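There are 2 protein chains.
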Amino acid sequence: MPDIYLIPQIEFTRVESAALDRFQRVPLLANMARANALAMVKRAGSGHLGSSFSAMDIVTWLYYEEMNLRALGWDSSNRDIYFSSKGHDVPGLYAVLYALGVIPYDRYIRLRRFGGLDGHPDVGVPGVEANSGSLGMGISKGKGMAWAKRWRGSDGRVFVMTGDGELQEGQNFEALQTAVQQQLGNLIVIVDHNKVQSDKLVSEIIDLGDLENKFRAFGWRVARIDGHNVRAFAETLTQLRDREGQPKIIIADTVKGKGVSFMEHPRALQDANGLYPFHAGAPNDETFQRAYDELIEKINSALDAFDLAPLLLKLVPPEPSESSKPIMLLGEPVSQAAAEKIRSGVSDEYVAVAYGQALVELGAKHPELVVLDADLASDCRLRGFEQAFRERFIENGIAEQDMVSMAGGLARLGMLPVVNSFASFLAARANEQIYNNAGEQTKILYGLHYAGLIPAGPGKSHQSIRDISLLAALPNMTIVQPCNAVETKLFVEYCVERAQENCALRLVIGPSPRKLQLPAKYELQVGCGVELAAGTDAVLFAYGPVMLHEALLASELLGERGFALRVVNMPWLNRFDRAWLARTVSDMNYIFVLDDHSPIGGLGDQLQSALLESMLWNDRRLTKFGVEGYPACGTPQQALHFHQLDGASLAARILQRVKQGKVN
Amino acid sequence: MPDIYLIPQIEFTRVESAALDRFQRVPLLANMARANALAMVKRAGSGHLGSSFSAMDIVTWLYYEEMNLRALGWDSSNRDIYFSSKGHDVPGLYAVLYALGVIPYDRYIRLRRFGGLDGHPDVGVPGVEANSGSLGMGISKGKGMAWAKRWRGSDGRVFVMTGDGELQEGQNFEALQTAVQQQLGNLIVIVDHNKVQSDKLVSEIIDLGDLENKFRAFGWRVARIDGHNVRAFAETLTQLRDREGQPKIIIADTVKGKGVSFMEHPRALQDANGLYPFHAGAPNDETFQRAYDELIEKINSALDAFDLAPLLLKLVPPEPSESSKPIMLLGEPVSQAAAEKIRSGVSDEYVAVAYGQALVELGAKHPELVVLDADLASDCRLRGFEQAFRERFIENGIAEQDMVSMAGGLARLGMLPVVNSFASFLAARANEQIYNNAGEQTKILYGLHYAGLIPAGPGKSHQSIRDISLLAALPNMTIVQPCNAVETKLFVEYCVERAQENCALRLVIGPSPRKLQLPAKYELQVGCGVELAAGTDAVLFAYGPVMLHEALLASELLGERGFALRVVNMPWLNRFDRAWLARTVSDMNYIFVLDDHSPIGGLGDQLQSALLESMLWNDRRLTKFGVEGYPACGTPQQALHFHQLDGASLAARILQRVKQGKVN
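Top to bottom, those sequences are chains A and B. All letters in the first sequence, in the order written, are residues 1 to 664 by the numbering used here. All letters in the second sequence, in the order written, are residues 1001 to 1664 by the numbering used here.
Bound-form chain A, shown alone:
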């Protein structure tokens, strides 16, 4: 990690109070905000730069020149309201809110850290007006705010920023229709039309056609500007200042990555052979330094041209290393060996990669296999299949409901659709469509990517801790989660070749904390798990690479205290082999289940019912561990520790439970 410098708030104040024309000042402030956004994303290790930069001039203008917030205060019912529907451009917003003194320094430097700034907008952060990050909800939410303002007779407009790829979500068009009927003239939508979605051209994924014509067909008042020309933006906003009932939309033609030459579209796309590399994630050290230096140089030369002194940058102290703190278990530090195991918690294995490879292998054997994507092909590791079987790869854009129902039609005519998106979007947004398909008794494989608590940086819009509960009541849906690459391939094969019903395959998106070893001759048997650590004092059921790593840590830590915890990998989340289950718990008084999910509706609840039906209760004690409340944002260790699901916390909770149990 290189040294990270910040443009302190006082520098923004200096530039703002300088005798500059506002049309010169705001682009300068915007570049200063870009530099801070870049620095904070680098420090955080992830974040969305491309769209933070494309929207930066507009956002800066709104807060510095257009909105009445600074005059009326953030609590005024007459305030103007701005929020971004796409939400992943929030590093840019945070930079402006820091510059305005709304977000304090100590919090600003903690992007994607526990107690800092969420990876996607959350109203818990000062100045943030709405939770977003899952796409397509913003215009609807802005409608509600605009309606409430009108009903109350409050002043102030509601500005909603959307992406362009985001417009593939159907909810936008519901809102376009209803906003006109409801005559919400105080609602102004701004489309950050930067032409690139996650990593490909919007026109290549799902083209939007003639946007102006489309919005006019929906009855909106439409304007179009160069989104980096703040003068044009200002003049357009003036033209749109009326009390009429017609909602307004401004199509702002912008450049993704604007501000850093080699991050800008189209150059960045060309340099990377057609896959835009700066949508999400932090640039590497070298790229970061080049980009940062270019921005600072650009800002300083502008300052110089205005006879202003160059920037005074402030060095941001590096984050305190986790490894400095001792790891405690019930008040005593754990052994050196255990502590090292806990701290070295990343392998080079990605179960998602194994999933992508398995699809390619099975695609060759199964001509009926067709893969559907909702513009997450790289994250879901579908590029290999796309290249090998282009004619059977369906890019459906950011339209999960349409994708799922389309899969239903494919299945009705004998295809085997493999539907992919993040679990939080697929299982929730397309839930009724999944139910409708399942009712036709066809077979569809749902790839639930980014399942569970980790990574915890993106925040609650992306962390999926409800998807098992959302699918478990479907009569013909097998829900599974593999723990390593080997088991992942076995499960993709099972779902494609053996399963008689729909399958939901939960996958961790990040690297496995450790490479888990399965028995040499391991084979999948429906409803049967496998022991990963021996133990006679209690049994802990867990699944997936993240939680099994913590479960094994707990077992190792407890071993040091003379408590033998058996750890069982249970990848079948709603199917149980009663005989196997009886064998596995027969000699145990204490049964623990660890869910990478809410404790409600996860493996714990399903297992509880299976034990009950098998009359395996009696005096046994079952304890369920899971993600209580809303998933915390932060580093993996921060989130796991907050939810008391890290190995040391689990070990402590297990010992306490057993002690308590003995008392009864």
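Derived by calculation from the structure, the hints in this document are not laboratory data. Being a predicted model, the structure only gives us computed values, none of them experimental. Any given hint could be a false lead.
[As the list claims (entries may be wrong)] Partial chain B-side listing against chain A, Cβ under 8 Å, derived:
no.: 1; residue: Gly1170
no.: 2; residue: Arg1221
no.: 3; residue: Gly1245
no.: 4; residue: Ala1309
no.: 5; residue: Pro1310
no.: 6; residue: Phe1425
no.: 7; residue: Ala1472
no.: 8; residue: Gln1608
no.: 9; residue: Ala1610
no.: 10; residue: Ala1632
[Unchecked claim] To give an idea of the chain A side of the interface with chain B (calculated C-beta under 8 Å), a few residues:
no.: 11; residue: Lys214
no.: 12; residue: Ile600
no.: 13; residue: Gln656
Every residue gets a Cβ at the ideal spot worked out from N, C-alpha and C, and that includes glycine.
Add chain B to chain A, keeping to what the hints say.
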């Protein structure tokens, strides 16, 4: 019930084989199909006539003249495919499928009966190509079929019928965008543009604007015709016969209720002061007879004009009365008294009516209370609030996602939104939007109407048996279901005035089987239920008017056998008072829970966890009863009996369970 006559299949064959011009023949066949649809809906006691009639000429033409089905057979991969996305026009489709001999007589006369024809399309019925009934999924599903045909090189086109109100669903626009990108030229969408949605004008609910312009803006090839002019329809279909990749859409201007003078729009709307009365439900005897006579007269005069003999109608024998069969419990008939109680199972109480009244009362006290509707205002009993507080009633059209996110925006600015739709649509389709709102820690009341198994006539698209599981993992969502009018008002008050978090209020849409009596001084206490029947041998927890009636029947039947079953009304589905729970089960070895929901994720699972956490297991036996598998279609008694949830079945299952338990 008047005598019901049917136009037998042989009469359709006679007319088809007569020497008539096809443009004369098809409208005649369509009216014959209308007559049969009307007769079957009357016999069923419910069904959708208005849109069955508006789409009838188009559907009849497609099956008799346009599609290759009769030549190639329904199993051919080269067949043309037709299905309706809206689905509630299925009585019209059934009439054509009967006329063509695809649906046999014995099944045809059993509309909305167990083992007969589902109230909404289901692929289990011969000739039905897709499950539908929940709106807005059809174009997407048709896309999948069209894609599969093209990929396989199969012939045949895919015809998808949509409603016009249905176009308010955003998923349609996702599909309009992706179908163009995917160049699905073998997909032909037909809009049954009858101008009226459930009971009001589309233009009054959410106007669609210039539809032709809209579809062209999305890149579709658009044609517009009079949907009752089959010659124009035929010519248009010929013009659209090409192998080009551009998907096609035909806007068919139709008349809702077409074929029966006083059921036609606009007359029917005017006669009923602006609320169209023939969208759903069977007409009363007098109205039915007038309509039927008018249709038969029209058909006969046409036959006469073509020198054909008048229709030979066939009397359909009345349905065997349920009351003729003895009611058995474990092989022995139940007492006369019990049998009468079981058969007289309808009161004049509707909990939904009490809900509507409570909203009006609270609306007067709470200016921040705003009611949102998705075009189900009559079913959800919102008309009273709409009339009393028009300015706080938001009609949002058939756009559940937009409605829910709009509610989020309203709540962010201090309003208290009450969001209404059917549970199956609201909890599933808008699930991610509900999660997003809940994450903002505002308070919203979700009215989950038509919760549970009954009425079972509409079929699985409408019966909601997953909604508790879909919401239970939300950290700040209280889920409740009242059992009678009194408790309903108490809960609406609780949610509006006392609850500190979001509330989901499940409501049965039909009449209560019996008026349940609550204790005189009954008050709501969070997590506490109330005993409705005393008993010492076992306790049964249930909720809602439908299942509590069956629970009490079970208790009464068991009483006759000397088994005292305590029945507890537990309206709190995911909140439990541990002390009350301990008192309630302390003296019981056998605990039963009856869910008006899937046994997965319902009250049973939540109660099971609460008992577990309270260490109330030990040797107690918990048994969960719920709707296993997909909800059955039929009369209430048929559906309850199929799922073994009727009083007699419950009594038998409880006795068997206890006997079995004693054996262990």
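Status of each hint after checking the structure:
no.	hint	result
1	Gly1170	holds (3 Å)
2	Arg1221	violated (14 Å)
3	Gly1245	violated (13 Å)
4	Ala1309	violated (42 Å)
5	Pro1310	violated (42 Å)
6	Phe1425	holds (7 Å)
7	Ala1472	holds (5 Å)
8	Gln1608	holds (6 Å)
9	Ala1610	violated (11 Å)
10	Ala1632	violated (12 Å)
11	Lys214	holds (5 Å)
12	Ile600	holds (4 Å)
13	Gln656	violated (15 Å)
Hints 2, 3, 4, 5, 9, 10, 13, counting from the list given before, are not met by this structure.
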